[in-house]
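Chemist: Chain by chain, the residues run as shown.
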Amino acid sequence: MLFALIALPFAAALALMLAPRAGRNLSAWTVGLAALAGLAILFVLAPAVFGGEVLRARAPWIEAIGLEFFIRIDGWAWLFAFLVLGIGALIVLYARWYLAPEDPPRRFFAYLALFMGAMLGITLAGNLLLLIVFWELTSISSFLLIGFWGRRHEARAGARMALAVTGGGGLALLAGVLVIGHIVGSYDLDLVLASGELIRSHPLYVPALVLVLLGAFAKSAQFPFHFWLPHAMAAPTPVSAYLHSATMVKAGVFLLARLHPALAGSTEWLLIVSAIGLSTLVLGAVAAVFQQDLKGLLAYSTISHLGLITLLFGLGSPLAVVAGVFHILNHATFKASLFMAAGIIDHETGTRDLRRLGGLYAAMPITGTLAIVASLAMAGVPLLNGFLSKEMFLAETLAFESWPSYQLAVPVLAVFAGICSVAYSARFVHETFFGPKGHPPKTPHEPPRLMRVPVEILVVLCLAVGILPNLVVADLLALGAGGVLQGPLPDYHLAIWHGFNWPLAMSAISLAGGLALYAILHRRGIARRIDLLSRGKIAFEGIVAALIGLAQRVTRTLETGRIQGYLLWLLAFILLVGASPFVDLAAPLSTKPAQPAGPMAVGLWLLIVAGALTVTVAYRRRLVAVIAMGIVGLGVSLVFALLSAPDLALTQLLVDMVTTVLLLMALRYLPAISPPEPERLARWRDGAIAVAAGLGTTAIVYMVLTRPHPSIAEYILATTMSEAGGANAVNTVIVDYRGFDTLGEITVFAIAGIVIYALLDRVRLTALTPFAAKGPAPHSLLLNLCAQLILPLAVAVSAYLFLRGHNAPGGGFIAGLVLAIALILQYIAAGSEWVDERLDHDWNRWIGAGLLAAAATGIGAFAFAHPFLTSSTPHVHLPLVGEIHLASAMGFDTGVYLVVFAACLLMLAMLGKVSRWEARD
Amino acid sequence: MELLAASAIGVLVACAVWLMLRARTFDVILGLTLLSYAVNTMLFMVGGLALGKPPLIREGLSPTLANYMDPVPQALVLTAIVISFAMTALLVVVALRSREDNGSDHVDADDGDGR
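Just so you know, the protein sequences line up as chains A and B, in that order. For the first sequence, the positions run 0 to 920 when numbering that gives the first Met the number 0 is used. For the second sequence, the positions run 0 to 114 when numbering that gives the first Met the number 0 is used.
Hint data in this document are derived by calculation from the structure and do not stem from the laboratory. Glycine included, C-beta positions come from ideal geometry on N, C-alpha and C. Among these hints, one or two may not hold up.
[Unchecked claim] Which stretches of chain B does chain A cover? Using the computed rule of at least three CB atoms under 8 Å from a CB of chain A, they are:
id : stretch
1  : 16-25
2  : 43-50
3  : 53-66
[Claimed, not checked] Partner residues are not named here, just some residues of chain A that face chain B (Cβ under 7 Å, in silico):
id : residue
4  : S265
5  : T266
6  : L269
7  : T559
8  : L606
9  : I607
10 : A609
11 : G629
12 : L633
13 : L637
14 : A640
15 : L652
16 : V654
17 : T697
18 : E713
19 : A766
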C-alpha cells in the first residue's frame, strides 16, 4: 500500500501521456482522483501513524551505491504528504477552471501529477539518495510548469533561472548527502537520524552542513537565492499556489526539519540557519510592500514567511520546531488561498497590476471576503491561524539566548518584519478591493462557482484553526512535530489568549505600526512609485553571461582546430602526470647492482643513438631520414638478438624491411623535403618537451631495470614442454597461453589491412617528382632475375620457419613476414601486373581464410568439451622432416601465418596499384 | 648496461616526441615509428637484461629464470612489433589520402596560407 501511495501520481501522469484526447475534465479527474486516492490511503494509515508507529516498505534498487527504494512514513512524513495531496486536490479543482481553452490541459495536468509524485517522494523517502532523486524531479517538474506558457519570454527565463538555482542547490545537497552517508556509513534515514552525535562530532560536519543547507536554501528561496521565486510567478497561478507557496518551496524547510535530529543543535547550525532565516524574513517583507504585481507581492511575502520558518528551525529549541511546523501548515493554507484569489482576480479582470486594480469588492464580494480573511491570517490578526503561529514565533524570538546584540536584534527585526507584513497585507486588500475603481482590461465579476470552492475550503480552515486550534489542529501538529523531533514533545498549549504578555504586545505593535506604515505610504503614493525588484536577477544573468563568455574563451583557446596544439597539450599533460611521482620520491634509484656493459652493447647504443639523431636532424630530407630509420631498426633487431630474444630479432628485422619499403613507396606521393618551419620559438618549446620526455623515460626505465620484479615466467617455462608441447616458450605463449590475445591482435592486423584497402580502392594518388617517373617505371632485369631465384627459396624458408616455430625461433608471425617480403620483392622487381597475373591476389579472401582458421581451431576445442582455444598436442613423425609437433595450436598458427602474410601484401600491393592506375592516365 | 639501455630508450623517446610535434604528416609518422621502437624495446626489457639465455627449453637445464629469459614480455613485444607496423601502414595511407584530398601534407590539412 505504501508503494501504491507513491505510484498513484506517476500512474496518473503516465495515463495522461498515453491518452492523447483527454480534455480538461478527464485530465483534471485523472489527477484529482489520484490525489484523492492518495488521501484515502493516508487515512487508512492514519491510526497506525497517530499511534506512534513508523511504517516502512523496502524494495532493492542499486545496492552497490546504497540506494534503496525505501518508503518510510512517520508523523512528519505523514503530515507533509497530507499537505501535498490535500492542497494538490484543491489545486486540481481550481486549475480545471483556471486553464484557458487554448491551454493544453493534458500536458498541464500530467506535469502537475509528476510534480505531486515527486513531492510525495521527498516526503516519504526513507533513503537520502532516494530523496535526492525525487528532489531533482521536483526541480524538473517545476521547470516544466513555470515554462508552461513557453511562448512568453519571461516564462522561459523564469523557468531556466529556477532550474539553475534549485538544480545547483540540488547538486550541493547531493554532495552534502554523500558526506553524511560517508560519516554514517549508510543513507538509511533511520540510521542517519539516530547518528546525530556522530555526525556533529565528525570533522566533516561543517562541510556536510553547509552543502545540505545550500540545497535547502536554494529550494526554499532563502537569501541570497531568493530571487528565482518572484520570476517563477510567470507560471500559471495554480502552479504558483501549489509549488511556489504551499509545497515545493517548503521542501527546503521540510528537509531542515527532517534532518533536524541529525544536524541541528550545533553553534554552526544556529548561526547559519537563524541568520539566513532572519535576513530572508526582513528582506522579503520589505520587498513585498513595494511590489506592483499581485503575485509578486505574494511571492515576496512567501519568501519572508519561509525565512520566518527557517529562523524558527534555526533557533533550534523544541518549542521553536513546533512553531515552525505549525507555521508551515498555516502558511500553506492562507497563502495557497491568497494565490488562488489573485488568480481569480487576474482571470476575471485581465490584470494583476495593483495600479490598475481597485474597488473590486462591489463586483466580487464573495471572492473579496475570502481574500480579506486570508490576508488577515497573513498579517497575523487574532482569531486566524496566522496569529497563533506568529505568536509562538514571537515568544521564541524572546526566549532566544545568544550574544546580547544578536539576542536583541532577533525580536526587534521580527517586529519590524511583522509591521511590513501588516503593511503589505493591508495594501493587498485595500488597493485591490477598495479605493477608487481601477481600469482593468475586463469587466470584473465573480468567477465560476467551483473555482471558488478550493479558496472557500482553505479560508474556512484558516478560521477553524484560528478559533478552535485544540479541536482542529492540535493532534496534527503534535504528530508532525513529534516526527521532526524524533522524541518527546515540549510542553505547550495552543490558545488564542495567553494573557497580557510580550508576544501580544509585539503583535499589537506590528498591527498598529503596519497600518500606520501603509497609511503613510498610501497617502504619499510612495508604494506605487517604488518597484523593489530583486537585484538577484541582474546578478544571476550577469553570472550566466560571464560563464558563457568564459566557456567560449576557453573553447576558442583550446579548440583551435590545430592538431599540433592538441598533441602539445596531450604531451604536456603526460609529462606532468609522469613527473609528479618524482617530486617527493623516497625510493632509491636502484635496488640491485647494474650489469657491466660489453663492447657489443656500447656499439649498439652508438648505432641506435646515431640513427635516431640522424632521423631527427635530417628529418626534412626524407629519403635520408628513412635510411637512418632503417639503421635504428637494425640496431633494435641486434639488441633483441644480443639480449636472448631471437624471435624478436627476426620479427623486427623483417618488419623493418617492410616498413622501409612502405615509407619509400609513400614518398612517391609526398614532398621529398619538409618545408622549413618558421617558428623558432615553437621549435625550442618542442625541443624542451622532447628532452623532458626523454629524460623522464630514461629515469623510469632505469628504475624499472634495476629492481627485481615478480614474474609468472617460471610457470610457463616449467610447463611449456608438458602442457603446450613446445620448447619455444615465446611461441607457446603466443599461440597457447595467450592465444585469445593473439586472436585479437591478428584481427586488428586484418582490420588495418582492410581499412587500407578501403582507403585506397579505386583512388588515384598524384605522384610528385623527383620520385615519380613519367610513364610506366622500367624494371631492373638483374633484380628481376634475382627475385625469381629467391622466391622458391623464400617459400621454403618460410615453411621451415613456420613448422619449427613451436620449438625453435620462428612461427606464424615470422614465417608470414618472410613470405610477404619474398612476394613484395616480386612486385618491386616485376611490377604488380606481372605478379597479379600469376597469383590469386585477392588478399582480402586470404585474410578471411586466416581468421577463420584461427577461430575454427579455437572453436574446435569445444568438440572435446574444453574451453575456447584449449590446445591438444599429438606429435607426428614425418619422413625426412622428422618429428613435428601437430598441436592444435598449429592450426591456430596457420591462421596467424595467413593473416600476417596476406594483410602485409594487401597493404603494399594497394600502394603499388594506385601508382599503376595513375600511370595509365 | 642498464644505463645504456635506459638512455637509448630516452633518446628514442625524445627524438620521437620532437618529430611528432612537427607539422607534416610524414615527419609525424617518422616520430611514431621511433616511438614504437622505444616502447617495444622498453616493454621487452621489463623482462630483464640477459645474454645468451633465450627462452628455448633445452634438456638438462632446469626451467627457471636463472637459465632462461622471461618469455612473456617477448611474446607481448613480438605481436606489438607486427601491430605497430600495421598502424604505421595505416597512418601512411591516411597521410597519402589526406594529401591527395586536401592538397597539403600538413597535419591540419592546411598549409596555413589557405592552401
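Chemist: Each hint: holds or not?
Modeler: Structure-based check of all given hints:
Given as covered by chain A, the stretch 16-25 of chain B passes the check, having 10 residues with a CB less than 8 Å from a CB of that chain where 3 are the minimum. Residue count for the stretch 43-50 of chain B with a Cβ under 8 Å from a Cβ of chain A: 8. That meets the three needed, and the coverage hint holds. Requiring three or more residues with a Cβ within less than 8 Å of a Cβ of chain A, the coverage given for the stretch 53-66 of chain B holds, as 8 such residues are present. Taking 7 Å as the C-beta contact cut-off toward chain B, the hint placing A:S265 at the interface is violated, the least distance being around 55 Å.
Taking 7 Å as the C-beta cut-off, the interface hint given for A:T266 is violated, the closest approach to chain B being about 57 Å. Given hint, A:L269 at the interface with chain B, is violated; its Cβ is 59 Å from that chain's nearest Cβ, farther than 7 Å. Given hint, A:T559 at the interface with chain B, is violated; its Cβ is 9 Å from that chain's nearest Cβ, farther than 7 Å. A cut of 7 Å between beta carbons decides the hint on A:L606: the least distance to chain B is about 9 Å, and the hint is violated.
For the restraint placing A:I607 at the interface with chain B, the shortest Cβ-Cβ distance is roughly 5 Å, inside the 7 Å limit, so the hint holds. About 10 Å separates the beta-carbon of A:A609 from the nearest beta-carbon of chain B, more than 7 Å, and the hint is not met. Below 7 Å, beta-carbon pairs count as interface contacts, and A:G629 has none with chain B, the closest being about 10 Å; its hint is therefore violated. Hint status for A:L633 relative to chain B: violated, with the closest Cβ pair at about 11 Å, above 7 Å.
Hint on A:L637 is violated. Least Cβ distance to chain B is approximately 12 Å, over the 7 Å limit. The beta carbon of A:A640 is not positioned within 7 Å of any beta carbon in chain B (closest approach about 10 Å), and the interface hint is therefore violated. Here the hint on A:L652 is broken, as its CB sits about 10 Å from the closest CB of chain B, past 7 Å. With its C-beta approaching chain B no nearer than about 5 Å, A:V654 sits inside the 7 Å limit, and its interface hint holds.
Look at A:T697: its Cβ gets to within about 3 Å of chain B, closer than 7 Å, so that hint holds up. At about 6 Å, the closest approach between the beta carbon of A:E713 and any beta carbon in chain B falls short of 7 Å, and the interface hint on this residue holds. Using the Cβ-Cβ criterion of 7 Å, the hint placing A:A766 at the interface with chain B is not satisfied: the shortest such distance is roughly 10 Å.
Checked against the numbered hints above, the structure breaks hints 4, 5, 6, 7, 8, 10, 11, 12, 13, 14, 15 and 19 and satisfies the rest.
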